[in-house]
Structures are given as C-alpha cells and as structure tokens.
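Colleague: For reference, the chains in residue letters:
2 protein chains.
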Amino acid sequence: MMSAATQQHSTLLAHKAFMDGCRVVLASKSPRRKEIFGLMGLDERLEVIVSEFEEDLRKADFPQPGDYAAATAKFKAAEVAAKVLPARSDNRPTIVVGSDTIVELDGTILEKPDDAQHAFRMLKSLSGRRHLVHSGVAVFTGACGSAQPAACWYDTTSVEFLAMSDDEIWAYVESGEPMDKAGAYGIQGLGGQFVKGVEGCYFNVMGFPMSKFGTCLAKLIESGKV
Amino acid sequence: MMSAATQQHSTLLAHKAFMDGCRVVLASKSPRRKEIFGLMGLDERLEVIVSEFEEDLRKADFPQPGDYAAATAKFKAAEVAAKVLPARSDNRPTIVVGSDTIVELDGTILEKPDDAQHAFRMLKSLSGRRHLVHSGVAVFTGACGSAQPAACWYDTTSVEFLAMSDDEIWAYVESGEPMDKAGAYGIQGLGGQFVKGVEGCYFNVMGFPMSKFGTCLAKLIESGKV
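Quick mapping for you: the protein sequence lines, in order, are chains F and E.
Residue 64 in the UniProt record's numbering sits at position 64 of the first sequence, with consecutive numbering throughout.
Residue 15 in the UniProt record's numbering sits at position 15 of the second sequence, with consecutive numbering throughout.
Note: identical chains are not told apart, hence a pair may lie in one copy or across any two.
Derived lysine-lysine pairs resembling DSSO-like cross-links, with alpha carbons at most 27 angstroms apart: (1) 219 x 196; (2) 196 x 34; (3) 225 x 196; (4) 112 x 59; (5) 112 x 16; (6) 196 x 16; (7) 219 x 124; (8) 112 x 124; (9) 16 x 124; (10) 16 x 29; (11) 225 x 16; (12) 112 x 34; (13) 34 x 16.
Simulated from the structure, these hints should not be mistaken for laboratory data.
Keep in mind it's a predicted model, so treat the numbers as computed, not measured.
Just chain F, same shape as in the assembly (with noise of 0.2 angstroms):
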C-alpha cells in the first residue's frame, strides 16, 4: 500500500488539511477567478493580488495562441511571486497562481473589445461558428522559488455558438456585460445563452482550468514542490 504522502489524487480534496496550511494568492483581478477558487473551497485563505505585469507582450512570438495565454499568466504571477515569495517570515507552505484567458477564431486573438462597435463585430464574427478558449495558468510556490514556475501551460476549450441575428447581438452589447472580457462574451450569464456547446473544460472558458489546475497542484504537492 503507498503512503498518504506518495499516494496519487487527480484533485485537491484530498489535500484539504494541507490547502488549510497554505497561503494561497491569485495574482488576478477577475471576479469569475476569485469564484472558481471559491468553487474549490479555497476561497477563505485567498489572498488577491494584482498584478502590474502590462499584458503587452507580442502576439507575433508565439508560435500558438496557447502559448501567448500561458506566457501572459507567468509574467501576471512572476511578478507577484517576485514580491510575495522572498518576503516570507514563516515557512507556511506559499502558492502564487497567474491565469490568462484568451479567445482564438481562425488563427487570430481576440481579447476584450475596445468598444460596443468592437463588442458587435466579434460577436458578429463568432455567429453560428467554433471558436477556441485557451486559458494559461503559471504556478509559483515557496519550494521552488520565484526566479521560474513550478508549472506553467495552458488548457483548450471548443464552444460552438448559435446563429445569432443583429438584433440579439445589439441587444446582449447593450448589457454591458461583454465589455470587460476576452471575445466579448461571458458564458455564465447571458451571453450563455449563444452557447450552443462546449468540448472540454466549461470552467477554462469562464477563465480558468479549474480539474487541470487540481491535478497540477495536487500533483506539485505530491512531490514536495509547494
């Protein structure tokens, strides 16, 4: 029979006395982050921190969009990791997590809309079609320091929307609610209604991987790296 200590979990709730130890910060503004932490139970010993990083890096470099999103998300936690990690006056078990969302249509990026006209023309462009959610996660912890990240990648989501007409679209820009997101629509309200679909993980289209990030940290923690 393994140990407690070498037995392998896909999730966290069998590290909750260890989460409980832990400080835990997310180095994101985003309040669907802040609730899909909550989501996990770790919501109570959740620190937020935002990160100055400027989100400005070239799009041109990355060979996939991917690999921009999971860049964007290191650079968001480094910079916290930067200030939080050497900073410890206690040896408590310390987790810095930077997350990245991004929409993909043919190749190109769409992040927030600059306006409602912005707004309307990418909803427009995502009518009836498949586009892909790529959202980055970077983990820093107290083990392995702040110089790199214990664990940085990024998680695909395909969502499949409705045949929308000009009217509904005017109708959804005129919420307010695209306004602050990537692709101009926030599947856990009413732009979930144009959501004919998804394929893969619902939650990395919300914002953030929430089963791969519990198998990543539960598999940091199995092998001593929080």
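Given chain F, put chain E in place with the hints provided.
Modeller: This is chain E only, laid out in the frame that chain F set:
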C-alpha cells in the same frame, strides 16, 4: 425585410420587452435551476411553485433514459400548469416550466443517492469514465393551455470524469455536496474538480439546458404560442 413579429432569434435577448410582461413560473425547487433562470435575466419575475408530482414513473416504460427525464418534466410542469393557467385573472402571457435531470451510465439511470455509501458507489462507478446527463424540459403556456405542453424535449451532455482515488471520493462525500444531486455530484461546486471535460451544454449538467431552452422559447414567442 422581415417584420419584428416574424424575425427569428436563437435566444431570449431580443425578446426582453415581451418577457418583461410575462408571468414565468418554475415548477422546481432546485436552487441551481433558479440560478440559471437568473443568468437568462428572468430572476426578477420568476415565481417558484414546487410541483407535488411524485417522480415515480416506471423507468422501464421509456425507450431511452432521456424520454424518462422529459416525461417527468412534463408531469411536474403539468401539475403546476393545471393550477396556474385556468386561474389567470388577466391576459398576461404565462409560461410554466418543469425540468428533470438524470445521469445515465451504461444504460442505467442514476438519480439522487440514498445515503453516503450509495453516493460513494455512484461516484466510484463514474471514476475515469464518460457518462451522459439528460435534462428534460416541458413548457406549458397560457396560449396552448394546460392539457398538453407547448414544448417537451430533453438535451444530453456527455461528461468525462478524472480517475479518482477512494480518498478523494470519500472527502467529497463527506462534504455533503453529493446528497441532493443526480449521480451524486454537482458540477458547479467541489465536484467540478472531477470533471475533465464535457461535450454539449454545461448548464444541462448543472440542471437546466439554458441555450436550447432560450431557442425553444424564442420560437414559441415568434409563433404566437405563449
């Protein structure tokens, strides 16, 4: 150009003014269904009238598990529609919606677990595998009366679970979350960590197929059946 009355929409977004004048009755006590009606912007006018239907249909009488869910949704909504629709004192358009969600694994229907051991066995059977979630929906309207639903159908989503250790299944069962849920898990809670991915509508797994319902209701409105 089509007139506003005959133009086709895929969602309720372009029918906000009409919906604002409607009476919307949800024949379900599920807080998750109420939340999904909120995402559609229908929470302010939503009335919840819990059906007294016993949910005791014989599963063997239905060719497919989804047909069982649709029939249960119909009987739940019919019971409430029979009280609400004939008693209308004004001409306000009225909609009564019933729904039922089940989990299907290898042709067997999983409903709510009886106790913790039962929840453990259900989750263990789902570990590392795909299963189907069917949500039935029935809509009765003032225009169509309480004898037959204006629409009745089900939507199916495929859900893939991670391989789970017994420890993490027990940790989840002990959280109490599984007990009131079909298949013994909630995708919008701690149980979401088990879900590697879905194919289809996420909200269908949560308990109500939002996107297909929006399209269905838009069609009923546009064909004068509400």
